[in-house]
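A.B. asks: Chains as they are written, first to last, in the working numbering: chain A, 49 to 299; chain B, 3 to 504; chain C, 136 to 234; chain D, 26 to 655.
Hints listed in this document are in silico derivations from the structure and should not be mistaken for laboratory results.
Glycine included, C-beta positions come from ideal geometry on N, C-alpha and C.
There's no promise every hint is true.
The calculated label-pair distances, taken between Cβ atoms and stated as ranges, are [stated by the list, open to error]:
#1 Arg52(D) / Arg55(B): 40 to 50 Å
#2 Pro282(B) / Gln78(D): 47 to 57 Å
#3 Thr627(D) / Trp192(A): 39 to 49 Å
#4 Ala498(B) / Leu488(D): 56 to 66 Å
According to the in silico footprint, chain D covers these stretches of chain B (three or more CB under 8 Å from chain D) [to be verified]:
#5 181 to 194
#6 330 to 337
#7 384 to 394
#8 466 to 476
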Amino acid sequence: MPESVLFWIMGPLAVVAAVGMLLVKKAVHSALLLAWVMVTLAFFYIAQGALFLGIVQVVVYTGAVMMLFLFILMLVGVDAADSLTETIRGLRPIAITAAIGFGGLMVSLISRATLGREPVGLDAANAAGNVQGLAQLLFSTYVWPFEVVSALLITAALGAMVLAHRQREVARPSQRDLSEQRFRSGSLATAAGLPGPGVFARHNAVDVPALLPDGSAAPASISETLRTRGDMIDSSEFQLDQVNTEVREEK
Amino acid sequence: MNYLTLIMAIPLVGAALIATLPQAKSLLAKQFALGTTLIAAVATILMTVKFERGNTDLQFVESYDWIKAFGIKYAVGVDGIALVLILMTALLTPIVVLAGWNESDNGRWSTKTFYILILVLQTMSFGVFAATDVFLFYVFFEAMLVPVYFLIGGYGSGERTAAAVKFLLYSLFGGLLMLASIIALYVLSGEQGGHTFNIAALSKLEMSSTTQNFLFLGFFIAFAIKAPLFPFHTWLPDAAKSATPGTSVLLLGVLDKVGTFGMIRYCLALFPEATKTFTPLIITLSVISIVYGAFLAIGAKDIKRLIAYTSISHFGFITLGIFAMTTQGHSGATLYMFNHGFSTAALFLVAGWMISRRGSSTIADFGGLQRVTPVMAWSFFIAGMSSLALPGLSSFVSEFLVLVGTFTRYPVAAVIATFGIVLAALYILIPVQRSLHGPTTPGNENLADLNLREKIAIAPVIAVIVFLGFYPAPALNIINPAAAHVLSQIGFTDPAPTHGGK
Amino acid sequence: MNPTNYLYISALLFTIGAIGVVVRRNAIVVFMCIELMLNAANLSFVTFARINGNLDGQVVAFFTMVVAACEVVVGLAIIVTIYRSRRSASVDDASLLKR
Amino acid sequence: MLVNNGLVYLIALPLFGAALLLLSGRRADRWGHLLATALSGMSFILGAVQFYQMLGRSPENRAVSQKLFSWISVGSFNIDAGLLVDQLSICFVLLITGVGTLIHIYSIAYMDHDKDRRRFFAYLNFFIAAMLLLVMGDSYLNLYVGWEGVGLASYLLIGFWNHKPAYATASKKAFIANRVGDMGLSFAIMIAFATMGTVSFSGVKEAAEGTSQGALTAIGIMLLLAATGKSAQFPLQAWLGDAMAGPTPVSALIHAATMVTAGVYLITRSNFIFDAAPTAQLLVVIVGAITLLFGAIIGTAKDDIKKALAASTMSQIGYMVLATGLGPVGYAFAIMHLLTHGFFKAGMFLGAGSVMHGTGDEVNMRKFGGIRHFMPITFATFGLGYLAILGVPPFAGFYSKDKIIETAFYAGGIKGILIGSVALFGAALTAFYMSRVMILTFAGTPRYDINHPPHESSFLMLLPMGILAIGSVASGFLLARGEALVHWLEPLFEAHEGHGKEILPPVVISLMALAVVIIGAAIAWFKYGRGTVADTAPTDVSIFTRIARRDLLQDDFNESVFMRPGQALTRLLVKTDDVVVDGTVRGVAAAALASGSSLRSTQTGFVRSYAALIVIGAVVLIAAIWAVTL
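Please model the complete structure; the sequences and the hints are all you need to start from.
C.D. replies: Set out below in structure tokens:
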């Protein structure tokens with residue numbers, strides 16, 4: 049019974065998380081939801097007597113692979129929030145209909161399929177321990193695929209390195225080059241460097257844009273990453289609404 | 003190791019060695035290729051010597067399981083017919099290598115690649131003639147296309163890519179039909195006591211006449227495209243025109259023989275009843291090929307296309323001989339395959355030298371070569387004489403045997419085919435007159451005559467042509483028992499003299 | 136409990152993953168959806184292993200994980216490369232297949 | 026039959042010479058012609074030895090044979106490379122090697138200035154070998170080898186100066202006309218094998234008895250076709266005139282004395298077939314008669330001395346063919362005329378060559394005249410030949426030609442009278458055109474630059490002319506004395522019962538022949554001998570003369586009936602191949618391309634749409650499985 053309880057609680061949650069993956073705007077959120085689904089699956093594995101896989105799922109997938117995803121998200125930029133509007137006309141309804149049809153067919157197939165016997169269960173197979181049982185198979189029957197897969201892994205690692213490696217075609221610009229470039233660009237407005245963030249004496253955090261003389265915010269004063277991510281705090285509250293220009297009478 | 007596997011392995015080993023050579027050493031690659039093909043030729047000659055002439059069984063037989071699940075074997079063996087074709091291949095390849103010493107220089111890829119392709123092609127050719135497993139045959143049959151495709155597409159001239167693709171598509175189309183037939187045979191064999199691809203076993207299958215007819219057509223169309231027979235011939239002139247002369251020699255001399263060889267080995271042996279059904283049609287096509295090819299040759303303006311068309315005419319003779327179903331026709335056709343290899347080789351090689359010197363393959367651009375380059379002109383003339391089957395040269399023996407053999411059973415076909423010999427005189431003498439005779443036309447005054455290498459290359463070809471013209475017995479002794487055996491297996495006997503009905 | 140329920144949930148997750156591949160445009164999200172589909176398949180394998188009473192299904196699931204890892208590594212590297220040259224991670228922008 | 030293993034050397038010697046001269050290249054320039062002449066001479070000596078030995082044996086045992094090796098052997102088709110020399114062959118062997126050697130000698134001087142003299146001698150030797158093989162082969166197929174061999178030699182020699190386009194064309198024309206004839210020989214061999222199962226002379230002779238008339242007639246007609254090709258008989262006569270493009274010794278040897286008579290040899294050799302096939306025999310007579318007149322008429326109109334002689338050759342061979350068509354009585358006379366003709370015509374050709382040599386290669390007779398003063402020996406030898414061809418007693422032609430005319434008259438019935446008259450009329454025409462040649466060339470006043478008079482030829486050229494002149498005088502008498510040749514050849518032919526019905530006594534026929542000859546010569550004298558002759562051919566002549574000058578329209582006929590339609594057909598087929606046959610293929614390719622490019626629009630390039638398609642595909646697949654398992 050504990051398994052049923054686990055299933056009926058975790059299962060729907062996993063489905064909800066998966067659906068959420070499709071709906072959320074930001075990729076980071078998708079990644080987090082996916083991590084949740086994976087953890088759920090790890091539970092399921094362990095519940096089904098696949099202890100080793102369950103652990104691997106948590107360690108490798110949720111740990112390593114998802115980290116990789118997040119890492120790349122960071123590299124690529126967190127601006128990667130799609131607009132969820134469809135650009136290819138008619139694709140979405142077709143895709144969703146087809147996918148639902150697919151799912152429906154699968155479900156109906158599964159429900160129609162009968163084994164003709166009760167599920168065996170893994171008690172016998174796991175008698176010597178799940179890890180030992182798996183090892184037995186991996187290093188005997190499946191030793192050849194195992195070796196091949198290891199070769200594949202190495203190849204993939206090398207391939208990723210080759211792909212990700214960027215050959216520099218021109219020398220890295222020196223500070224002098226950058227400076228000259230600034231001066232030669234169309235306007236001299238930024239020649240002396242971009243303005244620093246923060247509102248003097250009120251707020252000096254990096255996410256608050258500086259105020260221009262007319263009191264409006266200067267977007268160029270904060271990091272582009274923060275700007276695109278939308279983590280730019282509205283600086284208007286720090287703005288002095290009206291500078292009291294009235295000179296008080298000296299007592 | 004058995005001879006057949008040995009001769010198939012030699013070129014492959016050579017190719018592997020050449021592959022290890024540095025790219026820059028093209029001369030070394032050429033020398034390696036020549037050496038390899040010479041070794042293969044010597045091995046093949048030894049094999050021919052060891053061959054038991056009178057024995058009609060397959061010889062040098064080998065059989066190993068290849069793909070057990072489907073009963074596919076690496077099974078090889080030769081009878082007299084296959085042997086002469088293997089011998090021809092083995093003799094022609096070193097000549098081609100030597101004659102086309104500089105053919106690979108202007109190719110898309112390196113010289114190394116050219117010779118690797120040639121050597122691989124040689125192995126495939128040996129294999130296709132030696133295979134006694136239908137599936138193995140099919141594999142070789144299709145695999146041969148690959149090196150030829152690259153040889154035409156990579157080293158040819160003019161519209162070489164288009165020609166290569168045309169060649170490939172035509173051949174693949176035929177191969178596909180054959181594959182369907184082969185699978186059908188395999189299925190049938192499964193229904194009748196065990197899946198197999200063995201020819202001997204397949205020839206004993208029971209089939210309804212409709213099945214036989216369809217399967218026969220599958221094989222026959224593949225071979226008719228390869229041979230090529232009218233109306234499946236249009237790839238040949240394009241391919242021959244675009245390929246290098248050496249490639250053309252292998253294409254017409256060796257590759258196309260697979261078609262006519264296949265007709266004997268597969269169409270006749272596997273489907274004797276269907277053969278009888280289709281014989282009138284095939285005889286008609288052969289006769290059309292003879293006359294049609296000859297007329298097109300007469301009308302050809304390009305010397306390479308001309309030679310290709312003459313070959314279509316000659317292949318008509320070969321097919322005619324095969325389907326005449328007489329010993330003379332069969333022996334003649336097989337001998338014709340051998341002889342045609344050499345006479346076409348001579349024609350193409352000399353034409354190739356003429357073209358490379360003049361920089362044009364249009365007949366009208368030549369003129370008066372006899373005075374400028376006598377040795378080259380003579381070589382071309384002798385090759386031409388062999389092509390028009392002058393008595394005393396090898397083609398005559400085979401052509402006459404085909405005609406006599408056909409006449410005893412199909413007099414009308416033989417009579418029409420004989421008109422081909424007058425047309426042959428025209429299609430040879432017209433280019434001879436235009437290019438060799440007459441005053442030396444501008445552009446031809448300073449052509450160089452054959453150099454020593456070229457003389458060494460062409461001499462053995464002409465020697466074979468002349469020798470077999472006067473004394474064809476060495477070849478006929480090998481062919482005759484096999485040809486008679488094929489006929490007796492499918493139940494044909496020569497017509498007896500009729501005495502005109504008296 | 137009847138193990139078939141796991142199969143249902145596997146089918147559902149797989150379908151959701153498939154929809155995600157089609158409708159999302161961010162290459163990384165598409166990738167994650169593919170991972171979801173793989174995981175769904177893995178769940179089926181593990182379930183079948185249980186139904187059949189042997190560990191072969193688990194072994195296959197294990198292999199799938201390794202292959203999926205490889206795929207992620209290479210795939211993400213490709214995404215990075217594309218992003219570098221095109222400044223975009225949208226799969227629609229990379230419609231190089233047509234040209 | 027006796028076996029003599031030395032026969033092969035007759036052929037091998039000149040063949041060796043040809044190969045050696047061709048292969049050794051310029052190195053042999055200095056001695057090549059001498060070697061070739063010597064080898065030809067040795068062949069003649071060997072032939073003479075054979076002849077001498079033959080004389081010593083009884084008539085039945087005279088034939089000798091040699092089997093070299095099995096040439097082609099497939100099933101029941103067994104051809105040995107075998108040689109056979111019997112009474113008929115030996116006549117040819119002696120003629121070929123004898124006249125051949127003389128012409129070798131002549132050519133040494135004639136071709137002295139040609140830098141390709143070695144090649145010329147190589148060809149000559151090759152011709153001798155091939156011609157010997159033709160007459161010595163023991164089966165039709167062996168004969169065929171020689172038959173095409175001489176065709177090739179003739180092609181090479183006609184085209185010896187092939188850098189002149191017209192000459193190259195002439196050689197090609199000869200080869201192709203010959204090939205048409207060769208086709209006939211092929212047919213004959215094929216029919217013989219299909220009906221009798223053998224193609225050797227002895228085998229066919231035996232089997233002919235049991236073979237139906239129809240088959241024999243077919244073989245006969247095909248052999249006749251072969252003969253018309255090689256011997257320039259109607260309707261394949263057109264090549265001979267153009268063949269005069271070759272050097273004159275070639276014209277003398279090949280196109281007068283030997284090769285062109287091969288057809289007569291073939292028919293005579295196949296007497297057992299023609300004797301059993303009267304229809305074929307009748308055709309032979311008709312062909313002979315037509316050609317006889319055809320050649321003679323052309324001869325009257327030609328101004329080119331060699332072409333006039335060529336036309337005469339055609340006509341004389343017509344006589345021979347006519348004779349062979351008359352059955353057993355005629356064979357011996359045909360051979361006799363062949364031999365005497367070999368002497369006098371070769372002699373006249375050499376004479377013509379000598380004249381050309383002396384006048385700087387001029388061939389137009391209207392540019393000659395009075396040459397007898399400058400070239401007396403040539404005049405004498407040519408004159409003897411002239412008397413011989415006219416059939417003036419006791420010169421050689423009288424014995425042979427008279428007999429043919431006589432036999433023709435005795436052939437019986439209307440046919441006899443008809444062909445006899447044709448032969449007689451032919452004799453008159455012969456007298457006319459030969460006298461014309463004689464008068465225009467040697468008599469009258471010079472019509473050339475008198476400051477550069479012709480000069481007599483060298484001894485090496487005059488010697489063969491002299492010997493041949495002696496032959497022209499004496500050969501007829503020697504062969505006819507006591508019917509020597511008739512008895513010599515008798516064992517080869519079916520026995521025959523004397524002549525046919527003698528409608529006129531032989532003396533009367535001889536006198537008639539003599540009379541028409543005198544009339545013909547006289548007309549020529551009145552027309553050309555008395556006044557001056559224009560040095561250009563008059564153009565205001567009758568339509569008949571114009572047609573005769575155009576070789577009786579033979580080339581126009583061939584051109585309009587065979588050549589132009591053939592060319593049109595070729596062009597049509599080339600077009601068809603490109604448009605219809607290859608067009609179909611290209612059409613299929615184009616259709617594939619078109620359908621491809623229309624399907625291409627479904628490929629948007631968006632990965633996601635492909636993914637959607639994959640999903641749809643999976644749905645369809647699963648639905649299919651679901652439906653099947655339902």
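A.B. asks: Of the hints given before, which are not true for this structure?
C.D. replies: 5
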